[in-house]
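Asks: Just so we're aligned, residue 69 is where the sequence shown starts under this note's numbering, counting upward by one.
Source of the hints: derived by calculation from the structure; they are not laboratory data.
Careful: at least some of the hints might be erroneous.
Derived lysine-lysine pairs resembling DSS-like cross-links, with alpha carbons at most 27 Å apart [to be verified]:
| # | residue 1 | residue 2 |
| --- | --- | --- |
| 1 | K148 | K84 |
| 2 | K80 | K141 |
| 3 | K80 | K146 |
| 4 | K146 | K84 |
| 5 | K141 | K151 |
| 6 | K141 | K84 |
| 7 | K84 | K151 |
| 8 | K80 | K151 |
| 9 | K148 | K80 |
Simulated restraints on C-beta separations [what the hints assert, rightly or not]:
| # | residue 1 | residue 2 | range |
| --- | --- | --- | --- |
| 10 | K80 | W143 | 14 to 20 Å |
| 11 | I92 | G149 | 21 to 27 Å |
| 12 | W143 | G108 | 42 to 48 Å |
| 13 | G149 | I89 | 16 to 22 Å |
| 14 | V157 | M131 | 27 to 33 Å |
Think of the CB as a built atom: it goes at the ideal place given N, C-alpha and C, for glycine as much as any other residue.
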Amino acid sequence: MTRIFHTQLSLKSLIKISATINFIGGLVFGVLIFIIALFGEPTIVDLISVVATPAVSVVNGVMMALVAYPFYKRWCAKIKGQKVSGFFVEVSNDGT
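Use the sequences and the hints to build the structure in full.
Replies: Written as structure tokens, this is what we have:
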């Protein structure tokens with residue numbers, strides 16, 4: 069039986085999720101830049117792009133979360149939280 073919960077992320081959680089997703093997206097894009105550069109002549113700019121893209125993506129994700137959080141918080145208050153289902157484990161405040 070699937071249980072459904074209503075949730076609302078804190079600012080810290082929204083930043084963590086956004087930064088993680090953007091890092092992975094930046095990493096994939098950086099690898100694509102590297103693969104494309106291998107077919108031509110790789111330059112130092114291509115190599116810098118491979119490293120810089122994930123880092124810039126994380127910063128972008130954090131900024132987007134900071135800007136979007138007030139709207140997200142208001143939206144969740146209006147609909148009484150997001151409906152989510154899946155595997156959940158309750159942890160104490162110290163993370164164990």
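Asks: It remains to establish, for every hint, whether it holds in the given structure.
Replies: We went through each hint and held it up to the structure:
1. K148 to K84: 22 Å, holds
2. K80 to K141: 13 Å, holds
3. K80 to K146: Since the Cα atoms of K80 and K146 sit roughly 21 Å apart, the hinted pair holds (cutoff 27 Å).
4. K146 to K84: 23 Å, holds
5. K141 to K151: Distance ~14 Å between K141 and K151 Cα, so the pair holds.
6. K141 to K84: With Cα atoms ~16 Å apart, K141 and K84 stay inside 27 Å; holds.
7. K84 to K151: 20 Å, holds
8. K80 to K151: 19 Å, holds
9. K148 to K80: 19 Å, holds
10. K80 to W143: 14 to 20 Å: Since K80 and W143 have Cβ atoms about 18 Å apart, the given range 14 to 20 Å holds.
11. I92 to G149: 21 to 27 Å: Given a distance of about 26 Å, which is inside 21 to 27 Å, the answer is holds.
12. W143 to G108: 42 to 48 Å: 45 Å, holds
13. G149 to I89: 16 to 22 Å: 20 Å, holds
14. V157 to M131: 27 to 33 Å: 30 Å, holds
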